[in-house]
Amino acid sequence: MDEKLSKKLRILADAAKYDASCSSSGAPKRKADVGGLGSTVGTGICHAYTPDGRCVSLLKILLTNYCLFDCAYCVNRRSSNVKRAKFSVDEVVTLTVEFYKRNYIEGLFLSSGIIRSPDYTMEQMILVAKKLRRDHGFRGYIHLKTIPEASPWLIEEAGLWADRLSINLELPTERSLEQLAPEKDGASIETAMAQMFERIEEAREERRHFSPAGQTTQMIVGADESTDADVLRTSAKLYGHYDMRRVYYSAFSPIPDSSAILPLKSPPLMRESRLYQADWLLRYYGFDVDEIASSGEKGMLDLDVDPKLAWALKNRHRFPVDVNRAEREMLLRVPGLGARAVDKIVVARRHTMLRLEDVARLTSGLKRAKPFLVTTDHHPKARLDKLDLRERLIEKPEQLSLFA
Amino acid sequence: MSLHRITLKAGADLNGFRKAVRQLVAEELAPQHVVFAIDDAPGLFGDETVADAPPVSIPKGVARLIEQVVCHHDPERYALLYQLVWRVLNGERDLLEVASDPLVHRIDLMARSVRRDLHKMHAFVRFRRMQGELERFAAWFEPEHYILEAAAPFFVDRFRSLDWTILTPIGSMRWDRAALAFGPPASREEAPDGDSFEEGWRGYYESVFNPARVNPTAMRAEMPKKYWRNMPETAAIPGLIQTAAQRVERMIEQEATMPAKRTPERAIQAMWDQEPKTLKELNAIIAKAGPLVPGATQAVFGEGPQHAEIVFVGEQPGDQEDLQGRPFVGPAGKLLAKAMKEAGIDREKAYLTNAVKHFKFEQRGHRRIHAKPTAGEVKHYRPWLMKELELVKPKLVVALGATAVLALTGKATPITRSRGRAQLGPYQGYITVHPSYLLRLPDEATKREAYEAFLDDLRRIHDLAQADLDTGELPLAAE
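These protein sequence lines map, in sequence, to chains A and B. Numbering-wise (UniProt numbering), the first sequence opens with residue 1 and increments by one. Numbering-wise (UniProt numbering), the second sequence opens with residue 1 and increments by one.
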């Protein structure tokens, strides 16, 4: 690999890393044709992990980090003095294919700064995907970032080649968008999301390929004044209206050559982590936004304990829950019991009465669960009402950041 | 009763275990009377052939679990699996549903460990191109369990067109683009010691790391250290962790700088000026994009004066249109031309186009059979059609057939119920049948009748186009 290309790769990978999305999941299972290259497996594969604990699954790069937009939170905004580079379409194709052949990656995640025009940029990105599929018989994963300011026909084209499309909302409220991303416009983002949603649904019904792994989005946390409740309300809307596969949350993190309007501090990693947990409660545990928000204070989640535990501590009258009798819906509300553990409990108790040690084999969260559940040989009794329960259940923070 | 001894081959001996289970079950030997031994010396196993006992019927889930757990490196695996089988056959057929049972739990943990190892092998194998060979790759990998054969299909499915070898301490395998062959254990030295893309890959790995989020514990949980030595990128880890704090401090301390470049105002202005301004520009975009439906050799654009008063929208180009690259030149187009003439509409002054700009067809022998575009496909073309109409700015838009209505309104509407004047999106419109419908009618009488009705529609369209639609002054009474 020649040195010039290596250098560009460093710049354009660095520029892409603030996108939290890494997944290569959700595509229908495919195998390489004779003479072709690549396959997809339903859940995706992480080919490496970097020392921030993040997964490296796709070759996540920008086509270019030159950009005409000036979004304050973004390392690539036009007013930033970072080093710039631009790949040619063929360079991205070569990198993807050669990395793929060595089993470094599941495929490509291509995004870009806006150069010349949104349409021009989007066309170049589509061209990369098209060349991979047509010229190399590439059947690996392709995730394309959609540019909402591009003409609508480009979305129609992009989905035919990509496994997943995404547009980052970045900020949960229109006001923050106006303040921090002057070129962006919430309405056009939502229009594009709606367009993708419709086409994805239609294609699924017609059994055609159009972004079969659906669409995702990302919100930055900690760059504006939005509360967790604001963020989660926006997420709930996005899941409900556009069938988002995932909303990613990205703790706003110090960037080189940052903008003067955003004071720099350590990224709110714990807040990000709690938002992911809350997001899970929203999607798989039957909680609504108001319930989750009520578990914290003033619209912010409790940072010391996970949101399900926080909710349980504030709703002790709903507990203890008998694992041998309770409805699935209520078991899902027990802190420390994940959806999988609950499913196992529901099946196992058809054959046997569960004791505490049985439950211990089904979850790793027994310590948190214990004060809230009843088994044949265990009842928390008055312990549930003790005032220091919360203090005793706070986990010692692991090394989460350098600034802790 | 003396202990019954079963000897199985080293590695994941699924066949040996299956045979043993059949025999043991046939002889009604309970687990406490059986010991499983593993013959580590390959080749010495042989003459102790066991007669085939009848197959044992076990639930699918148990069979799947056995396939996974025989790959585990724990020498106890066969004894545990036999206990499971025994209990399942003796009154606990749904035993796997009791995930809290200590035996089920233990076997489940073993299966999970095997699946994880498989997953990690799929993830962490790193191929290196072999010296002097164009498309031949090899990798050295050290799995935790006996998973070589179980891991193979993944690599075949993915790297079918490459010639690759995976070498491990428990065996090797090679795919030569046609067949898979398993071989003896190998050593690290047999694999290539480098690859020209590794430095670039390491550079990529370093660049995607965000020092402000350093968290080696989370990394090690997913990528345990035992895998590191066979992954070239991990050489960067110590350095990345060491310098992380310093890099972040520097970013935080660094004060916001003034942009070195002036604001590229003209570029920003130009950026928003991306809309096609003429039909020619729009058509160039459509041509460049290529078909959004299967089939088609070329795009067939609309035809007619840029500011025609009437736009006719059909479904999609047919065989003739596809070959000639012009709309409405096939049989249906000729019929339309005839009817237009009779109704007094000057074809030269009208603009004719299709909802879908490419001929979707299925090849049957030498014939290309028209395939109806799906609703989703029609919508793929909709933004272009809308732009096209915006550029023509017609007084009246005529939808020929249901596909055109769908394309113009975004909603499916049956023609029979909506035939006549209609609002088509932002346009005053008229809905009628597609001329190809007239061609398909079986007998002459209905054909004639339908043609007359079509002609009536065209006459009304002609009159509507003459009238002032905004004031509603029509030469004919509106329905």
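Don't read these hints as lab results, they were simulated from the structure. One thing to keep in mind: the hints can contain errors.
Quick partial rundown of chain B residues pointing at chain A, CB under 8 Å, derived from the structure [as the list claims (entries may be wrong)]: (1) A99; (2) L103; (3) L118; (4) F137; (5) R213; (6) L240; (7) T243; (8) I252; (9) W384; (10) P414.
Glycine included, every Cβ here is placed at the ideal spot set by N, Cα and C.
For which of the previously enumerated hints does the structure constitute a violation, in increasing order of number?
Of the numbered hints, 2, 3, 7 and 10 do not hold.
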